[in-house]
Amino acid sequence: MELASKYTPREVEDKWYKFWQEHHLFESKPDTRPAFSLVIPPPNVTGVLHMGHMLNNTIQDILVRRARMKGYNALWVPGTDHASIATEAKVVAKLAAQGIKKTDLTREEFLEHVWDWTHTHGGIILEQLKRLGASCDWSRTAFTMDEERSQSVIDVFVDLYRKGLIYRGVRVVNWDPQALTALSDEEVVYKETHGKLYYLRYHLQDDPQKYIVVATTRPETIMGDTAVCINPTDERYGWLKGKEVIVPGQGRAVPIIEDEYVDISFGTGCLKVTPAHDINDYNLGQKHRLASIDIFNDNGTLNEYGGKYAGMDRFAVRRQIVEDLQAEGLVEKVEDYTNKVGYSERTDVAIEPKLSMQWFLSMQKMAVPALEAVMSDKIQLHPAKFKNTYRHWMENIKDWCISRQLWWGHRIPAYYLPDGSFVVAATAEEALELARREQGKADLQISDLRQEEDSLDTWFSSWLWPISVFGHVPGEPNEELRYYYPTSCLVTGPDILFFWVARMIMAGYEYMGDMPFRHVYLTGIVRDDKGRKMSKTLGNSPDPLDLIDKYGADGVRMGMMMAAPAGNDIFFDEALCEQGRNFCNKIWNAFRLVSLWQSSDETPRPEYALLGCRWMRMRIDAVKIELEDLFAKYRLSEALTLLYKLFWDDFSGRFLEIVKPAYGSPIDSATLAETKVFFVELLELLHPFMPFITEEVWQHLNSEGNTSAKEISIMKAVIADPIEPDEAFLVSFAHMLEVVAGIRSVRLGKNIPQKNYWYWRSSLHTTAVWIVLSLSSLIYRKYVRWSILRREL
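Heads up: the sequence shown at position 682 corresponds to 682 in full-length UniProt numbering, and the numbers run straight through without jumps.
There could be a bad hint or two in this list.
Calculated lysine-lysine pairs in the DSBU-like style (CA-CA distance at most 30 angstroms, straight line) [stated by the list, open to error]:
1. K378 / K624
2. K645 / K660
3. K633 / K130
4. K130 / K15
5. K70 / K624
6. K716 / K676
7. K441 / K163
8. K645 / K676
9. K387 / K633
10. K633 / K716
11. K287 / K210
12. K550 / K586
13. K70 / K378
Just so you know, these hints were derived from the structure itself, not from any lab.
Turn these sequences into a full structure, and let the hints guide you.
Right under this line is the structure:
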């Protein structure tokens with residue numbers, strides 16, 4: 001058999017991925033086998049592969065490939081998320097470059113542009129995942145905006161509304177002035193920001209010569225002030241009770257109110273209250289029945305309540321109003337101040353707390369079973385350290401703002417009547433029937449109804465993902481849901497533990513009465529060698545496809561996984577990919593070596609080969625047992641390291657050296673056959689981590705009749721259960737290997753030539769036998785070592 005002298009990943013990877021797909025080896029249908037199912041965390045439909053995707057999807061592929069080889073009916077469901085904010089922003093920017101404003105288009109016209117964009121860019125990231133080797137069942141590819149998923153989203157909204165869990169109301173929400181939409185609390189990223197603390201003078205209404213000083217980081221919001229609050233226990237301000245003060249520069253009086261919410265130690269102990277633009281101020285306003293003055297337009301400029309600042313951007317107003325107040329003598333002082341400011345996760349602009357009419361989902365009831373499931377380990381988090389984070393979030397859960405002021409997304413199925421009331425129904429026809437019945441107006445027509453303009457938060461579709469990819473929600477479970485649900489494991493990042501994981505658990509118990517997955521593997525953040533999070537902005541993130549071109553998919557997968565313990569950040573170094581490529585070359589060269597050996601049925605099998613084969617058999621079985629434990633604990637990085645050492649050190653570095661025939665001599669047939677059986681088993685153990693090279697070498701060996709079953713692919717091979725090894729034998733053999741290594745070290749250090757290497761090789765079995773027999777005798781073991789030393793020298 002003629003083999004290429006060099007392993008070429010690109011040729012091998014393209015060939016075998018096409019082969020797997022042509023033979024439908026990734027596909028799964030319910031049968032009598034136990035199921036192992038995964039659903040992909042759906043990437044943004046317009047996204048491209050980055051290092052975080054590489055890590056997450058490599059882990060998923062390892063789990064699903066191993067499950068197949070352990071006899072499970074394994075399924076990995078792929079798909080993409082419509083990503084309302086991100087996708088709409090891209091299309092708006094594209095149209096702007098063409099001189100078209102979103103506001104110039106009807107909703108239907110704009111959505112045509114978005115669908116065109118989605119059809120053009122939507123499949124890119126999934127195609128890129130194929131380069132990685134992702135063994136998804138592509139025939140099941142889902143999209144959160146496709147017909148099946150969309151219908152589930154609408155029906156769930158209607159169901160939750162009728163259960164009294166969805167309501168509409170005015171609340172202070174996180175507003176994104178660039179995307180022009182509300183955000184949930186979980187879509188806000190808090191960044192440490194260096195700003196200023198402004199100390200402003202609020203003069204008393206009944207005694208303008210007196211004033212109090214109020215500290216604020218946001219002087220641009222004073223036009224929305226409707227009170228100043230003091231702590232009733234603060235003795236410094238007892239004289240203010242019942243008085244009013246003048247808002248600086250506004251000539252408008254607001255009352256002094258008292259509440260223990262005020263932190264006496266912050267600033268001056270006096271708090272300006274702006275109910276329309278701070279959630280805590282809003283709560284104070286509700287408690288003390290204060291007016292709310294919304295001073296901002298949706299784009300972050302000031303509206304007519306801003307007076308002379310109307311139309312100016314909020315940050316420009318901050319600079320200008322401070323200058324104006326200083327000119328009036330109303331600024332006591334300005335200090336440098338560092339605080340945490342909320343930014344939109346999607347657009348990276350500072351969010352604006354804003355009073356707004358929105359749709360909300362009540363979460364407290366649904367949080368109860370979801371919290372219990374994780375705290376009782378029905379659902380196991382890996383690593384378990386995230387249980388406390390999860391518990392804190394769930395015990396302090398707030399209602400979910402589910403409406404978004406976007407056109408791209410699932411339009412909320414609420415229909416307004418001419419009198420301003422509304423009905424909720426899955427379709428306009430159902431809404432009309434409901435409205436006629438509730439209003440008692442038989443002459444109402446569909447044209448009288450106006451559907452809600454807002455769309456649903458993207459997460460409102462993805463929280464149904466583990467259910468909706470298999471069947472309709474709500475409804476009776478179909479065959480697939482009964483078979484694949486709950487899924488076996490979810491692989492995702494801890495940054496969306498609440499965004500997505502907790503919400504899927506709540507939806508699972510609400511609509512299936514059961515958890516959506518049994519295990520959650522939480523990956524770390526991929527960082528560079530300086531500890532910085534990899535990002536395009538910093539320019540410190542390599543292009544994953546460039547890495548695959550350079551090192552091969554197996555090399556990159558190995559490089560990622562060698563440094564990827566669950567839940568801990570990954571300090572990525574390209575040298576790890578080089579190590580992975582070198583390991584591929586090691587496998588290939590070991591295969592070439594074994595393939596060059598000529599066997600003879602007439603060559604007697606030496607005893608050292610028998611002992612070597614016995615030892616290799618036991619080492620493989622011992623590693624199999626350890627692997628089972630590591631996979632059960634989701635310690636995949638340790639599992640790969642274990643296999644790496646087994647192949648590189650034990651098989652290639654020791655076993656092949658033990659059984660290798662003398663130059664020009666044949667090897668006995670039995671030893672060569674057993675060597676190839678070991679090689680096949682090692683490839684099968686390595687396959688989940690390194691699918692391409694293992695398939696390539698396995699196929700060569702399979703064509704020679706060296707596999708236990710004539711399967712079409714290594715993917716169809718079943719990893720055999722291990723036999724408990726003889727620990728005493730393994731220990732004694734390890735002692736022998738230490739002795740040999742010591743002799744070689746001495747010879748190397750002293751530059752002593754090996755006089756009769758093949759005599760030592762033929763005597764190796766004798767050494768091993770003596771060590772096995774004399775394990776308990778230290779004196780005799782020393783004698784054996786000296787005998788080996790004499791032979792070596």
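Against the structure, the hints:
| no. | hint | in the structure |
| --- | --- | --- |
| 1 | K378 / K624 | holds (27 angstroms) |
| 2 | K645 / K660 | holds (20 angstroms) |
| 3 | K633 / K130 | holds (27 angstroms) |
| 4 | K130 / K15 | holds (12 angstroms) |
| 5 | K70 / K624 | holds (12 angstroms) |
| 6 | K716 / K676 | holds (18 angstroms) |
| 7 | K441 / K163 | holds (25 angstroms) |
| 8 | K645 / K676 | holds (18 angstroms) |
| 9 | K387 / K633 | holds (16 angstroms) |
| 10 | K633 / K716 | holds (25 angstroms) |
| 11 | K287 / K210 | holds (28 angstroms) |
| 12 | K550 / K586 | holds (17 angstroms) |
| 13 | K70 / K378 | holds (23 angstroms) |
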